[in-house]
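Participant: Protein chains in written order, with my numbering: chain A, 2 to 384; chain B, 43 to 473; chain C, 10 to 324.
Calculated directly from the structure, the hints in this document are not laboratory data.
Treat the numbers as computed from the prediction; the structure is a model and nothing was measured.
C-beta: ideal position from N, C-alpha, C; glycine also.
One thing to keep in mind: the hints can contain errors.
What follows is a set of in silico ranges between Cβ atoms, one per label pair, in the way DEER data are often shown [what the hints assert, rightly or not]:
#, chain 1, residue 1, chain 2, residue 2, range
1, A, Trp13, C, Arg150, 51 to 59 Å
2, B, Gly148, C, Leu88, 45 to 53 Å
3, C, Asp159, B, Glu456, 20 to 28 Å
4, C, Pro155, B, Gly326, 16 to 24 Å
5, B, Gly148, A, Arg182, 30 to 38 Å
6, B, Ala384, C, Arg150, 17 to 25 Å
7, B, Gly148, C, Gly146, 35 to 43 Å
8, A, Lys156, B, Gly329, 29 to 37 Å
Here chain B is said to cover these stretches of chain C; the calculated rule only asks that three of the stretch's residues, wherever they fall, bring their Cβ under 8 Å from a Cβ of chain B [stated by the list, open to error]:
#, segment
9, 127–138
10, 148–159
11, 181–188
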Amino acid sequence: MKGLLRPRTLAWIALVLTLIFFPYFHTWTGFAWFLGNLQKYTGINLSVFEVTSFAVWVVILLGLNMLTGYSGQISLGHGALVAVGAYITAILLDRTGTPVAVAILAGGIGASIVGFGIGIPALRLSGPYLAIATLALIVSLPQLLKLSDIVNIAKYTGGASGLDLPTMHAPEAVDGVMDDRQWLYYSTMVPAVIMTVLAWNIIRSRIGRAFIAIRDSEIGAQQMGVNVARYKTLAFGLSSLYAGIGGGLFVYTQDFVSPESFGTFQSITLLVAIVIGGLASILGSILAAAFFVFQAGVISELADNLPAVDRLRWAIYGTVLILVMIFLPGGASGFVQRIGRLKKSDLAANVRSPLAALRAHPIIQKVTGASSGAPEDGPGTGA
Amino acid sequence: MQRPSSSILLRLVLLLAAVIAVTAFACSDDDGDGGGSETPSGDGTPAAGNSLEDIPEDTTGVTDTEIVLGTHMPLSGAAAALYGNQIVPGMQAYFDSVNAAGGINGRQIRLVVEDDQYDPSKTNQAVRKLVEQDGIFALVSGLGTAQHSAVFEYLKEQQVPDLFTATGATLFTDPITRTAFGYNPNYVQEGREIGKYIVENFPNAKIGFILQNDDFGSDGQKGVEEGIEGSDVTVVTTQTYEAVNTDMTQQIQAVMNAGADTIVAYSLPLQAASILKIGRSQLGFEGEILFSGVIADPSTIAIAEPANAAGAITTAYLKPVIFADDAGVQEHVRIMAEYGPADVPATNLSLYGQSVAELAVEVLNQAGQDLNRRSVIAAAESIRDFTCSVCLTSINLSETDHRPIEGLQFAKAEGDAWIPFGDIISFETTE
Amino acid sequence: MEHLIATLLQPLLLFTDTPPPWEDPEIFLQQVVTGVSIGSIYAILGLAVVLIYRSTNTVNFAQGEMAMFTTFIAWSFMLRMDFWPAFFLTTLVAFFIGGALEVFVMRPVEHAPPLNSVVVTLGLFAIFSSVALWRYGPLPRPFETPAIFDGAPFTLGEITISRLNLGILGIALLIMLALFFLFNYTKLGLAMRATAQNPTASQLVGINTSRMLALGWGLSASVGAIAGMLTAASQALSVDMMVGILIFAFAGAVLGGLDSPGGAIIGGISVGIIKSLSATYISPQVDIIAAFVVIIAVLMVRPTGLFGKIAVRRV
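Could you put together the complete structure from these sequences and hints?
Facilitator: See below:
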């Protein structure tokens, strides 16, 4: 009985209860008053729909964190894989009678196949070359989706105007118990929670450790017997699975997708979000999603009082970003970790492969002349 | 804490199977929404109403003292913010002037503006907030084709009047949705007129298209091709560009290579300026250049430089703000000065904002004291021969005609501005 | 051989009406020239990217926005003075802005993983973009073209190139030569390269690495400013004018090899040519796709670009 009363367990229970009953909070006057004022004063809009959107982005950002945070491969084109999943789901829903869940899963699987396909050639690229190659994906995507000349892709993707689906409704089975918005919440939050738990498991498994080993030192990992090629590709595949499922959920909740739904700027913002939220951290991905979804409201609110803020919105984010990078490289989750005094070993960001720990030692650093934590790739010595 | 990776994959498969099972079972009967091969913009699904009686007499957003209207506009995010930051002040200033004079049937108009940053998923967020939290009565002047597409079905399903969308895209008025109205001249209709103009004035022209790679471009093309049908005018090439590309050298070159002597461009202002500047001064194109009216702003000429822009032709449906002698324009300038923000002068775009606001006020007035969502649609459809103070053409709406502006005047670049010339052309579809 | 190529390419060329190169070589050459014009701008911005990479081992994603911002500064100078004085003054101002950025913003993350520097430059991207929007507004405005570029385009047979584009190409080559000379034939350039390769060893030898890093950023910002001003001259000055160009500048730099100034030029111009030719002969709807397909294909064969140094890993 004592175990149940420990603060941590209570916190978890409270969290689970909140997640389960959240859609109904709005019908309880006390809570409704709280949420209304929260929105009025901070601009954070915690409507059921917004929280549902938040769940979608958690899935997407978990995927990106897996790729960039844990396995260290910079991808600026994550949005392209989300788009693949979104479009597969949308096309299936628009043209066939596929049940929603299957369509979303198909989106995830389709995206992960594309991801694997990208991961294999990506093995040859490193650092900035990889970043720009992935950027190439997201930049060429709109043209590809609108293509009608050589291969009439536009016929299936709706071309420039995209695919507008009828609003999703709750099935008759739950009529009376919950309305459309609440059903949407549950049918999105449940997969999101499942995917989060799954990610947590993956990170703590051999796969996760292989990722971290590769991120910290590819050569070291290879010497320890980690099949670098396999795990790097797996990282792409897994992160794309998440991206695809996230994309399918996106379409499910938004009822609309177009070539402009996933832009270059957005892909970059995703990267920014996980860095602010915290790399290589599940909590970080969740915080990143919170930032991503709620930032618009907060700034609009501020902007009502200080008009200049609206136009300077991105300047504020940029400054925050830089400050976070300089003073708080662990991101928000790193900060939370310090406050919550969680055990350091819980966060994978702090898990270091033995070789990396050795290389980080001051004496070794002096001897090898390596002053940055960067992996060995880069311009060689052929001067 | 090591787990063999095969066990992870097994878990993965099991969990996902669970997800499929649960939701596939629950969703196997989605009210027909999960499947069906309905065309995206709907063929008038019964729920959204083809009949006026299907629209409920909903008074959300209407009280004895106020009417709440909403709009989604790009206010930040570079390029498109150009539009939002000038149109909204124009609308707001006009509403303020109407409120100062007593409002509409005793009700004050309150406009709630949401910034969607020109991003369709933010438009989704914004409009849901407007409908569900701000409780708007109607959406007015939603801007952006892709952006509004994201919320069109939603507004239709919720039966929220979707008035005077700020785009000439055909997909919002064709087929007709009872609660949705367009505003700008339809790109296809405009294209047809441009085509007819070419047939009349340059009977043997060889047209080279320069089109934006989206519906705007393809609608325009379709219209022009309809307009030149049966004549001696031919199309020799069609060039497209992506919206991020503002250097039209390659497109102009290709058009010239194909032997065109007339360029018809459905492009945005920056590309239009590029076509004029590069085409005239660097590549020496000497033929006619005609543009869609979206570029009819003095800034286009300024960027292209007046010498290069001279003689270019476009369309207009509002009075240019430089017509300082015109009573309507003068009034707009006065309203902007008195009610508009200090740093936004009267421009063609603020004038546009006012024109939409005027139509909205006219419709709300006509609906009378008993204002609800059904009566406002009925009122809108009964508008006949309404010419706003800054419009060039008159507006007619009906049950089968949800396109307010169905007329235009051609304009030519002279000096610093686009000067309308010739007759006012009408392609009105209401008797 | 010609027939072989013709038959191989035939399927791709079916989609436009343009006669293939072997039937009408003039169109082909003209489009190549157009591609060179487009590509020259990519080349100059690409040079700025390479400059920073070579001297600090970082990729600066804010390159385009910095160029845009400094061009607006140039515009405000031009309200008070002629083109060329404003041009050089802006280049100088940009130099100091770049140096200051390195000292105050990049230095603290020097020793962190490369992802952190990338993210910091993304932060700079956001800041420059937003401040420019706030200060100058979203309306595009005309930018003065220097008088030297006025006048009829040059013609060679039936092929034309405008004076401005020729000038841009010339400036690109000049900058490249200057950088080549700097890096390979001067002590300063050697010091900069040494700093990038091995900062500790360089310090031991007496090189003021801090100064070298700041210098690298300063020079890069100046080159970027030049790119920005030339872009504005050929198009229009607006807050988002560099966004479309930055992607292709990177693409070109990556194609040519991130540590090769010559590569940046060749890469940038190649990207322009590929876009132009694919739009002409395949379809205008695939110019961006074609450019990136080629780049990725090249990267598969040479992962560090055409002329980039091959990374040798010391184990």
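Participant: All the hints need checking, so say for each whether the structure fits it.
Facilitator: How the hints compare with the structure:
| no. | hint | result |
| --- | --- | --- |
| 1 | A/Trp13 x C/Arg150: 51 to 59 Å | 57 Å, holds |
| 2 | B/Gly148 x C/Leu88: 45 to 53 Å | 51 Å, holds |
| 3 | C/Asp159 x B/Glu456: 20 to 28 Å | 23 Å, holds |
| 4 | C/Pro155 x B/Gly326: 16 to 24 Å | 20 Å, holds |
| 5 | B/Gly148 x A/Arg182: 30 to 38 Å | 34 Å, holds |
| 6 | B/Ala384 x C/Arg150: 17 to 25 Å | 21 Å, holds |
| 7 | B/Gly148 x C/Gly146: 35 to 43 Å | 39 Å, holds |
| 8 | A/Lys156 x B/Gly329: 29 to 37 Å | 34 Å, holds |
| 9 | 127–138 | violated (count 1) |
| 10 | 148–159 | holds (count 4) |
| 11 | 181–188 | violated (count 0) |
Checked against the numbered hints above, the structure violates hints 9, 11; every other hint is satisfied.
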